[in-house]
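Modelling step: build the complete structure from the supplied sequences, incorporating the hints.
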Amino acid sequence: MTTQQMLDERYGRTRAGGRRWGLWIGIALGVVAAIVVGWMTVASASTAVDADTTGFRLVDDRTVEVTFQFTSPPGRGVACAIEAQDAEHGTVGWKVVEFAASDDHGQAHRATLPTTAVAVTGFVNDCWVT
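In my numbering, the protein residues as written are 34 to 163.
FYI, nobody ran anything at the bench for these hints, they're computed from the structure. We put the beta carbon where it would ideally sit given N, CA and C, even for glycine. Among the clues, some could well be false.
[Unchecked claim] The calculated label-pair distances, taken between Cβ atoms and stated as ranges, are:
(1) Asn158 - Val70: 25 to 33 Å
(2) Ala66 - Val162: 25 to 33 Å
(3) Leu40 - Ile60: 23 to 31 Å
(4) Arg143 - Gly59: 52 to 60 Å
Spelled out as structure tokens, the structure:
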């Protein structure tokens, strides 16, 4: 037995066996991570709702009308949070509006929102699948 072999045996070093196992474990972890990321991407895309405010109109000092459109998965209900803000960007109105399931991918809607003070803007804050 050579000195190198004695040192390798003493300190638990092996030539290539340990490295190969580490390589295979690393590859397996990489494959699992790629599968998880792919699944999360597909799952979140299937429930994604994209909303855009197309306009707003100040009806009076206590009311804002917001027009908007959204795209959602067909056959799923959608809820949208509508917000109105004052000149200092403070929230003066907030309302969650729910829409029944539809076979249409894109829909346009109008929502009237009561406010606690004079608003200068109205918009869709967020939409989600219900």
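Structure-based check of each hint:
1. Asn158 - Val70: 25 to 33 Å: holds (28 Å)
2. Ala66 - Val162: 25 to 33 Å: holds (27 Å)
3. Leu40 - Ile60: 23 to 31 Å: holds (30 Å)
4. Arg143 - Gly59: 52 to 60 Å: holds (55 Å)
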